[in-house]
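Using the sequences and the hints, build the whole thing.
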Amino acid sequence: MRYRLTSILTLGLALWGEASSAQVRLLETGILCPRISSGELIEAPGTEAGVIRRIDQGLGFDLPGRTVPIMDNLGFGFRIALKDGASAQDVTIVVTHPPMGAAQVTRQEWADTIWPGETNLNLFTFEEDYEKVPGPWTFSAEIDGETLVEVPFTVTEDGGRGPVEAACFRFMS
Numbered sequence: 001m002r003y004r005l006t007s008i009l010t011l012g013l014a015l016w017g018e019a020s021s022a023q024v025r026l027l028e029t030g031i032l033c034p035r036i037s038s039g040e041l042i043e044a045p046g047t048e049a050g051v052i053r054r055i056d057q058g059l060g061f062d063l064p065g066r067t068v069p070i071m072d073n074l075g076f077g078f079r080i081a082l083k084d085g086a087s088a089q090d091v092t093i094v095v096t097h098p099p100m101g102a103a104q105v106t107r108q109e110w111a112d113t114i115w116p117g118e119t120n121l122n123l124f125t126f127e128e129d130y131e132k133v134p135g136p137w138t139f140s141a142e143i144d145g146e147t148l149v150e151v152p153f154t155v156t157e158d159g160g161r162g163p164v165e166a167a168c169f170r171f172m173s
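Take 1 as the starting number for the sequence shown in full-length UniProt numbering and just add one per residue.
Hints may be right or wrong, so weigh each one.
No more than 20 Å apart at the CA atoms, straight line, and that leaves these computed lysine to any residue pairs for SDA-like [stated by the list, open to error]:
1. LYS132 / ALA103
2. LYS83 / ALA103
3. LYS83 / ASP144
4. LYS132 / ASP90
5. LYS132 / ARG66
6. LYS83 / LEU27
7. LYS132 / MET100
8. LYS132 / CYS33
9. LYS132 / ASP158
10. LYS132 / TRP115
11. LYS132 / LEU27
12. LYS132 / THR47
13. LYS132 / VAL51
14. LYS132 / ARG35
15. LYS132 / GLU157
The calculated label-pair distances, taken between Cβ atoms and stated as ranges, are [as the list claims (entries may be wrong)]:
16. THR156 / ARG107: 18 to 24 Å
17. ALA167 / GLY101: 26 to 32 Å
18. GLY85 / ARG170: 35 to 41 Å
19. GLY117 / THR156: 35 to 41 Å
20. GLU28 / PRO134: 20 to 26 Å
21. ARG107 / ALA167: 15 to 21 Å
22. GLU40 / ARG170: 39 to 45 Å
Derived by calculation from the structure, the hints in this document are not laboratory data. Quick caveat: nothing in here was measured; it's all calculated off a predicted structure. By construction, the Cβ of each residue, glycine as well, lies at the ideal position given by its N, Cα and C atoms.
Below, the structure written as structure tokens:
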């Protein structure tokens with residue numbers, strides 16, 4: 001339950017420049033093959049678990065796509081960065097999804113900072129049964145409630161398994 005939301009974080013003070021919506025760009029979206037996550041847990045009170053895991057910056061998506069089959073330890077999300085010339089930006093990463101868990105949570109969020117010259121990867125990983133809810137999911141980055149980048153995903157019970165299983169064969173036991 002405590003390790004589903006993962007984020008590559010670089011902490012620091014933000015320097016504000018031009019309009020925030022002009023400063024952040026989407027680099028890629030995709031799916032990360034099932035693997036056990038490791039890394040430091042950091043507080044994230046806006047999440048169902050209350051923590052997220054800081055993951056290895058070297059991780060890359062194993063396949064592109066926005067149709068995500070429900071599979072144990074499968075991750076999906078987006079990578080964002082600042083546009084050229086932009087100053088560091090403090091953002092809120094938001095994941096919305098169908099109701100999950102006893103509290104029927106539909107929105108989870110955490111604070112992050114995007115630094116010039118670095119990328120920012122944010123994922124959700126299915127680790128607990130209550131998290132495996134099919135339907136529309138959305139990842140977004142916001143500043144003061146203003147959406148900078150938004151990416152929709154469709155989580156399915158069966159659809160999209162073939163390509164994921166083919167790409168992830170080496171990770172599956």
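Structure-based check of all given hints:
The hinted pair formed by LYS132 and ALA103 meets the criterion: a straight-line CA distance of about 15 Å does not exceed 20 Å. Between LYS83 and ALA103, the direct Cα distance comes to roughly 38 Å. Violation of the 20 Å bound is thereby established for this hinted pair. Among the hinted pairs, LYS83 with ASP144 is consistent with the structure: their alpha-carbon atoms are about 19 Å apart, no more than 20 Å. About 30 Å separates the Cα atoms of LYS132 and ASP90, which puts this hinted pair outside 20 Å; it is violated.
Pair hint LYS132 plus ARG66 holds up; C-alpha atoms about 16 Å apart against a cutoff of 20 Å. For the hint pairing LYS83 with LEU27, the CA-to-CA distance comes to about 10 Å; that is within 20 Å, so the pair holds. For the hint linking LYS132 to MET100, the alpha-carbon distance of about 8 Å falls within 20 Å, and the restraint holds. Among the hinted pairs, LYS132 with CYS33 is consistent with the structure: their alpha-carbon atoms are about 16 Å apart, no more than 20 Å.
Between LYS132 and ASP158 the alpha-carbon distance is near 12 Å, which keeps this suggested pair within the 20 Å criterion. Under the criterion of a C-alpha separation no larger than 20 Å, the hint pairing LYS132 with TRP115 is inconsistent with the structure, at around 32 Å. With a CA separation close to 26 Å, the supplied pair LYS132 and LEU27 exceeds the 20 Å bound. Restraint check for LYS132 and THR47: satisfied, since their Cα atoms lie roughly 16 Å apart, inside the 20 Å limit.
Taking the CA atoms of LYS132 and VAL51, the gap is about 18 Å. The hint holds against a cut of 20 Å. Between LYS132 and ARG35, the direct Cα distance comes to roughly 16 Å. Compliance with the 20 Å bound is thereby established for this hinted pair. Using a Cα cut-off of 20 Å, the hinted pair LYS132 and GLU157 holds, with the two alpha carbons roughly 8 Å apart. For the pair THR156 and ARG107, the beta carbons lie near 21 Å from each other, so the given range of 18 to 24 Å is met.
Take ALA167 and GLY101: their Cβ atoms lie about 29 Å apart, and the range 26 to 32 Å holds. Our hint of 35 to 41 Å for GLY85 and ARG170 holds, since their Cβ atoms are close to 40 Å apart. A hinted range of 35 to 41 Å holds for the C-beta pair GLY117 and THR156, which are about 36 Å apart. In this structure the hint that GLU28 and PRO134 lie 20 to 26 Å apart at CB holds, the actual value being about 23 Å.
For the pair ARG107 and ALA167, the supplied restraint of 15 to 21 Å is violated, since their beta-carbon distance comes to about 30 Å. The beta-carbon spacing between GLU40 and ARG170, approximately 26 Å, falls outside the hinted interval of 39 to 45 Å.
Hints 2, 4, 10, 11, 21 and 22, counting from the list given before, are not met by this structure.
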